[in-house]
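Start from the sequences and build out the full structure, keeping to the hints where you can.
Per my numbering, the very first residue in the sequence shown carries number 214; after that it's consecutive.
Keep in mind that the hints are not guaranteed to be accurate.
[Stated by the list, open to error] Computed cross-link-like contacts, BS3-like style, restricted to lysine-lysine with a CA-CA straight-line distance of at most 25 Å: (1) Lys-324 x Lys-391; (2) Lys-243 x Lys-283; (3) Lys-389 x Lys-283; (4) Lys-325 x Lys-269; (5) Lys-311 x Lys-269; (6) Lys-283 x Lys-325; (7) Lys-311 x Lys-344; (8) Lys-243 x Lys-309; (9) Lys-297 x Lys-309; (10) Lys-396 x Lys-324; (11) Lys-283 x Lys-324; (12) Lys-311 x Lys-297.
Everything labelled a hint here was simulated from the structure, so no lab data went into it.
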Amino acid sequence: SAEEYTNLAKESFGQINGTISGNDNLSVAKESDVLVLSIPYENIDSLCSEILPEIKDSCVVVSPIVPMVKTDVGFEFIPIKENKPFSYQLVSKYIKDKSKLVSAFHVISEKKLVNPTLELDYDIFVCGDDKDAVGVVNGLINEIQGLRPIYLGPGELSYMAEIATPLLLNAMIRNKIKNPGIKII
214 SAEEYTNLAK ESFGQINGTI SGNDNLSVAK ESDVLVLSIP YENIDSLCSE
264 ILPEIKDSCV VVSPIVPMVK TDVGFEFIPI KENKPFSYQL VSKYIKDKSK
314 LVSAFHVISE KKLVNPTLEL DYDIFVCGDD KDAVGVVNGL INEIQGLRPI
364 YLGPGELSYM AEIATPLLLN AMIRNKIKNP GIKII
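Structure (structure tokens):
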């Protein structure tokens, strides 16, 4: 719950700025300054068509969505396997100001990201067209101790960050690595 996570964050970091709360998707989208689309690839059309037309003009939208499917050979990237659009392309169809769309957080395990007691040491790939929107996301990444934003380029290059997730998952399974991530040295 939001209250439990707030308490855990305060225990880990002391005083925290802001609040943690919950609501339905549309209400959250309308109120957000930064909206993270934590949804499956298959739900982009149905959910984004509903909520993205309702966001504030200033809202930065973050897409960590990865279009992948598990098959007999491992995790595969849907845009290559099925000749479909990558996530950034699909999401951008529904946002009024496409420059506010930033792609990030693909290459870190959500289990590590949501646990404020863990020490992190990872790079986060970031793609976006607008310097200010990318700056907002980079600022949020920099607020998480142990994470470093790595700008890959404009949104058109988001597929590079998206395809890294099935790569990491296949490496994890075949090499018994828990919750892998990427660090460029």
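Which of the numbered hints above does this structure break? 2 and 4
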